[in-house]
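Work out the full structure, taking the sequences as your base and the hints as a guide.
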Amino acid sequence: MRLDRRTLLAAPLGFTVLAGGAFYMILQRMQKGTFDPRGVPTMLSNKPLPDFNLPGIDGDGFGSADLARTPGPVVLNFFASWCAPCVEEHRLLINIANQGVPIWGIAYKDAGPQAGAFLKQRGNPYLRTARDDAGRVAIDFGITGVPESFVVDRHGIVRWHIGGPLTAQIVVDQLMPTMRAWV
Amino acid sequence: MSPELGHFALALAVALAFAQAIIPIYGAWRRDARLMRAAPALAIGQLLALATSYGCLIWSSVTDDFSVLNVAENSHSLKPLIYKISGTWGNHEGSILLWCLILALCGGTVALFGRNLPASLRARVIGVLGASSCGFMLFALLESNPFLRLFPAPMEGRDMNPLLQDPGLAFHPPMLYVGYVGFCVPFAFAVAALLEGRVDAAWGRWVRPWTLAAWCALTCGIALGSWWSYYVLGWGGFWFWDPVENASLLPWLTGTALLHSALVVEKREALKTWTVLLAIGTFSLSLSGTFLVRSGILNSVHSFATDPARGVFILGLLAVVIGGSLLLFALRAPALSNTGMFAPVSREGALVLNNILLCSIAAVVMTGTVYPLFADLLFSQKISVGPPFFQATVFPLAVPVFAAMSIGPLLSWKRATLGPVLMKIWWAAIVALVVGSVAAYGMHALPALAMGAAAWMILGAFADIIERIKLFRLPARASFARLVGLPLASFGAAFAHAGLGVTVAGIAGMSMATDSIDLVKPGEIVHMAGYDWQLVELHDAPGPNYEARVATIKVSRDGQLVTTLSPERRNFPVQGVTTTEAKIHTNGVRDLYAVLGDEREGAAVLRLHDNVMAPWIWFGGLIMAIGGMLSLADRRLRVGAPVRARAPARNQATI
Amino acid sequence: MTKRLILLLLAAMLAWPGITWAISDPSEALANPSAEKRAVEIGEQLRCLVCQNESIEDSGADLARDLRRIVRQQVTAGKTDQQVIDWMVSRYGNFVRLRPPFNALTFMLWASPVVALLIGCLLLLVGRRRRAPPAAPLSPAETMRLKGLLEP
Numbered sequence: 000m001r002l003d004r005r006t007l008l009a010a011p012l013g014f015t016v017l018a019g020g021a022f023y024m025i026l027q028r029m030q031k032g033t034f035d036p037r038g039v040p041t042m043l044s045n046k047p048l049p050d051f052n053l054p055g056i057d058g059d060g061f062g063s064a065d066l067a068r069t070p071g072p073v074v075l076n077f078f079a080s081w082c083a084p085c086v087e088e089h090r091l092l093i094n095i096a097n098q099g100v101p102i103w104g105i106a107y108k109d110a111g112p113q114a115g116a117f118l119k120q121r122g123n124p125y126l127r128t129a130r131d132d133a134g135r136v137a138i139d140f141g142i143t144g145v146p147e148s149f150v151v152d153r154h155g156i157v158r159w160h161i162g163g164p165l166t167a168q169i170v171v172d173q174l175m176p177t178m179r180a181w182v
Numbered sequence: 000m001s002p003e004l005g006h007f008a009l010a011l012a013v014a015l016a017f018a019q020a021i022i023p024i025y026g027a028w029r030r031d032a033r034l035m036r037a038a039p040a041l042a043i044g045q046l047l048a049l050a051t052s053y054g055c056l057i058w059s060s061v062t063d064d065f066s067v068l069n070v071a072e073n074s075h076s077l078k079p080l081i082y083k084i085s086g087t088w089g090n091h092e093g094s095i096l097l098w099c100l101i102l103a104l105c106g107g108t109v110a111l112f113g114r115n116l117p118a119s120l121r122a123r124v125i126g127v128l129g130a131s132s133c134g135f136m137l138f139a140l141l142e143s144n145p146f147l148r149l150f151p152a153p154m155e156g157r158d159m160n161p162l163l164q165d166p167g168l169a170f171h172p173p174m175l176y177v178g179y180v181g182f183c184v185p186f187a188f189a190v191a192a193l194l195e196g197r198v199d200a201a202w203g204r205w206v207r208p209w210t211l212a213a214w215c216a217l218t219c220g221i222a223l224g225s226w227w228s229y230y231v232l233g234w235g236g237f238w239f240w241d242p243v244e245n246a247s248l249l250p251w252l253t254g255t256a257l258l259h260s261a262l263v264v265e266k267r268e269a270l271k272t273w274t275v276l277l278a279i280g281t282f283s284l285s286l287s288g289t290f291l292v293r294s295g296i297l298n299s300v301h302s303f304a305t306d307p308a309r310g311v312f313i314l315g316l317l318a319v320v321i322g323g324s325l326l327l328f329a330l331r332a333p334a335l336s337n338t339g340m341f342a343p344v345s346r347e348g349a350l351v352l353n354n355i356l357l358c359s360i361a362a363v364v365m366t367g368t369v370y371p372l373f374a375d376l377l378f379s380q381k382i383s384v385g386p387p388f389f390q391a392t393v394f395p396l397a398v399p400v401f402a403a404m405s406i407g408p409l410l411s412w413k414r415a416t417l418g419p420v421l422m423k424i425w426w427a428a429i430v431a432l433v434v435g436s437v438a439a440y441g442m443h444a445l446p447a448l449a450m451g452a453a454a455w456m457i458l459g460a461f462a463d464i465i466e467r468i469k470l471f472r473l474p475a476r477a478s479f480a481r482l483v484g485l486p487l488a489s490f491g492a493a494f495a496h497a498g499l500g501v502t503v504a505g506i507a508g509m510s511m512a513t514d515s516i517d518l519v520k521p522g523e524i525v526h527m528a529g530y531d532w533q534l535v536e537l538h539d540a541p542g543p544n545y546e547a548r549v550a551t552i553k554v555s556r557d558g559q560l561v562t563t564l565s566p567e568r569r570n571f572p573v574q575g576v577t578t579t580e581a582k583i584h585t586n587g588v589r590d591l592y593a594v595l596g597d598e599r600e601g602a603a604v605l606r607l608h609d610n611v612m613a614p615w616i617w618f619g620g621l622i623m624a625i626g627g628m629l630s631l632a633d634r635r636l637r638v639g640a641p642v643r644a645r646a647p648a649r650n651q652a653t654i
Numbered sequence: 000m001t002k003r004l005i006l007l008l009l010a011a012m013l014a015w016p017g018i019t020w021a022i023s024d025p026s027e028a029l030a031n032p033s034a035e036k037r038a039v040e041i042g043e044q045l046r047c048l049v050c051q052n053e054s055i056e057d058s059g060a061d062l063a064r065d066l067r068r069i070v071r072q073q074v075t076a077g078k079t080d081q082q083v084i085d086w087m088v089s090r091y092g093n094f095v096r097l098r099p100p101f102n103a104l105t106f107m108l109w110a111s112p113v114v115a116l117l118i119g120c121l122l123l124l125v126g127r128r129r130r131a132p133p134a135a136p137l138s139p140a141e142t143m144r145l146k147g148l149l150e151p
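Going line by line, the protein sequences match chains R, V and U. If you count the first sequence from 1, position 162 lands on 161 in numbering that gives the first Met the number 0, and the numbers rise without skipping. If you count the second sequence from 1, position 635 lands on 634 in numbering that gives the first Met the number 0, and the numbers rise without skipping. If you count the third sequence from 1, position 36 lands on 35 in numbering that gives the first Met the number 0, and the numbers rise without skipping.
Since the hints were made in silico from the structure, they are not lab data. Everything numeric in this text was worked out from a predicted model, so none of it was measured. Among the hints, a few may not be true.
[Said to hold, decoys possible] When the alpha-carbon atoms are kept at most 30 Å apart in a straight line, the in silico DSSO-like pairs for lysine-lysine are as follows:
no.: 1; chain 1: V; residue 1: 520; chain 2: V; residue 2: 553
no.: 2; chain 1: U; residue 1: 36; chain 2: V; residue 2: 553
no.: 3; chain 1: V; residue 1: 413; chain 2: V; residue 2: 423
no.: 4; chain 1: V; residue 1: 469; chain 2: V; residue 2: 413
no.: 5; chain 1: V; residue 1: 381; chain 2: V; residue 2: 266
no.: 6; chain 1: R; residue 1: 46; chain 2: V; residue 2: 381
no.: 7; chain 1: R; residue 1: 31; chain 2: V; residue 2: 381
no.: 8; chain 1: V; residue 1: 469; chain 2: V; residue 2: 266
no.: 9; chain 1: R; residue 1: 46; chain 2: U; residue 2: 78
no.: 10; chain 1: R; residue 1: 46; chain 2: R; residue 2: 31
no.: 11; chain 1: V; residue 1: 381; chain 2: U; residue 2: 36
no.: 12; chain 1: V; residue 1: 520; chain 2: U; residue 2: 36
no.: 13; chain 1: V; residue 1: 381; chain 2: U; residue 2: 146
no.: 14; chain 1: V; residue 1: 413; chain 2: V; residue 2: 266
no.: 15; chain 1: V; residue 1: 423; chain 2: V; residue 2: 469
no.: 16; chain 1: U; residue 1: 36; chain 2: U; residue 2: 78
[To be verified] Going by beta-carbon spacing under 7 Å, a handful of chain U positions derived as facing chain R:
no.: 17; residue: 48
no.: 18; residue: 65
no.: 19; residue: 90
no.: 20; residue: 91
no.: 21; residue: 92
no.: 22; residue: 107
[Unchecked claim] Listed next, with one range per pair, are the computed distances between beta-carbon atoms:
no.: 23; chain 1: V; residue 1: 588; chain 2: U; residue 2: 24; range: 26 to 34 Å
no.: 24; chain 1: R; residue 1: 93; chain 2: V; residue 2: 151; range: 28 to 36 Å
no.: 25; chain 1: U; residue 1: 81; chain 2: V; residue 2: 598; range: 36 to 44 Å
no.: 26; chain 1: R; residue 1: 116; chain 2: V; residue 2: 538; range: 35 to 43 Å
no.: 27; chain 1: V; residue 1: 585; chain 2: U; residue 2: 81; range: 55 to 63 Å
no.: 28; chain 1: V; residue 1: 152; chain 2: R; residue 2: 167; range: 28 to 36 Å
no.: 29; chain 1: R; residue 1: 93; chain 2: V; residue 2: 152; range: 45 to 53 Å
The beta-carbon is built from N, C-alpha and C at its ideal position, and this holds for glycine as well.
Below you can see the structure in the form of structure tokens.
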């Protein structure tokens, strides 16, 4: 390709075509859900859990040591009673918990009796619960909002993360395959 | 009734635009005068149809017609009238319709004021404008229709984001759109010229007023947006290098380069390829900006909540408009011949340097804005590019521009020597050095340098005028006579360059801004920046669609009362959002700025700012726009517009 | 479907209590002014992940407040600027840095001003090269002929 005038004058077109193709790919992936420009991906992918030990809501809490000794993979869900999407997600969580999926919950910045009341009123899908009133543990997990969920395998390694509420689609497409893969 | 009328008018406008795109261009190709003459009529018809359509949308909003989905989602009966009107463009569908309206307005204006253009050029320009209109209106009609109905109609609307219920919003988007869309006219000129196969001095002269008008509007739009975020968002900042802010800056940078480049085409018939490419590029950038914002691809606080499906349509539209014009460019541009030769050191040379620097800055801003996207797409790595990057990369490129700005206008065309020019401007350099050194006592090095540069720019801007009236070298009366006789364009250029200097001074001054956050009980005084700020009391104040908590703060200096500020916190019950209303007192050189925060135990959190030289940032923008308007008003652009020679002059003598 | 997800995500972000544009709490500020200044400088380098277009110093979000507190704790504990930023990056990735790091991935980004200028100069050179070569000088015979024509 000679570096002459004709080539240079065609360069803007070439550049635009490339850019257009890239943007098209981005849009396609956004529609399919594999690309999220607003998402903050987890830094914990395939890494061990951060160390923590949290008190319980009504009773015993749990810590990272407990999550490293489970018989199989566990879904770790950060929620709060004051968060509207969490309420929506809650119904789905009850559903999948009834199907035998082990879910452990951490109440984020849910001081006082609200978290407990929330679970009593709407049902408790969690095998174990804990509370993170200060939100520091959530920061160690790289959380930016609630709800967010992780899949932790039986050795305490994080295998999957979603920043936002679980939906039926995500459960079928991503959550269940991950749970099955890390049995 | 009226939403249906609006809907119909929109569809009619699409049909007219389609005709407007096809008929004149075919007519120009076939040199059919009748078909070419149809162009202005079609353009004006399209404008009338679209104006009717938008009028119906405004009417639906003002009469609280909640059967229209757009009105139900964005309006509320308690909203003040002005926000019912301005709210029509505060959402995605309405703003697209506004975009289309302004595009039609451009077409209509060319139809009305382009009478001195040769018929074929005018026909082609209007044809291209029609094609663009058609595309955008199809998008509006099919994908973002503001006239969709809702049945059953709700009793009340969902109200508009309270942040948008502000006078600044009433002016910022329309002004910005006139700027963005206004660059469609130079774009149309460029495409028309490529279709015709020639770019000459006459073309350069014709393109300039339209470019100036769009540039003025864009300058005002950006300045307004920056000012608005300054006084609304409550953190005293004015530019965050947010992707959408960058999307507005990019066409401004290339538009400025275009403005200067067209000058060279007009005066010297050189830089034709650059100018045509810049004209295509500027409009392409404003279109791409729209795409990026509305497709949801960019992470921005400005983004409308739209979905990727719309993005695909707009991408298709962009492919046709931008891809088509660049293809035409690749095919036809090699044939453009430059007749003017010039030495590297000359006014043309300076303008080439100007082009390169401004386009480099634009390239850097664009890279920074889209890099995270591509890093994520190609390497699945999430990075973010924020103000520290842009400040580090744009400033070194901007400094040569600032330096050259004062020297360039003094250089002569074709060939110049630097020495005599520098001699003419030595006084500005001395003053700039003094200012910079004085500033260095109170500021860090970089802002002090910027202050010096600002002084250089402001003084240098008037150097050309001072030269021409031979100030101090002729008796005052003679100088004054010359002053009055100078063309307005000289003043326009001087004001525009000085305006940029004023803005840079303002930005540099803000580095000295101070602020403090305190928990204050009524009656207590905070001492900051040499002023005494006393919180007098806090009280409730209901508004039309909000409840407000107001703090009264008396600001005094040395015992003298300077001003009383009443910042508020407003709670909008319908949307459940709380906003803060900062209150600002300005004396032209500094802003005293107060924000009310939470209240605890009878005391309130107050954030107080002393923003040194903040007003200059926006004065500078205003001065730049005034400069542009002065240039527009220059008679040479209207009277005596060149007419193309009918036939080449015959040689009388032959060798 | 994706639309719902996006809307839910937006709602999730809005679900933070008091995403009012609240200003920060004066009690957050450190007593030592130079330490506070350092903390502010570090904070201005960190992106607020909730609003995503403000630094944590400017943002009113709860998460921003928590992160500001952490920055101040670490500054008081004697950590260097880089250590604080690394701590944040280990939890949120490079996305949290407003000033992108300089590494193989971001090389083109940081090099863009230089590259842009180089391309500009390249275009200039190609443009100049294309200029028509000066007309060949006249031969002696042609010069004589020209002289004859010009002199009356």
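Those earlier numbered hints the structure runs against, lowest number first: When the structure is compared with the hints, numbers 5, 13, 22, 27 and 29 turn out to be violated.
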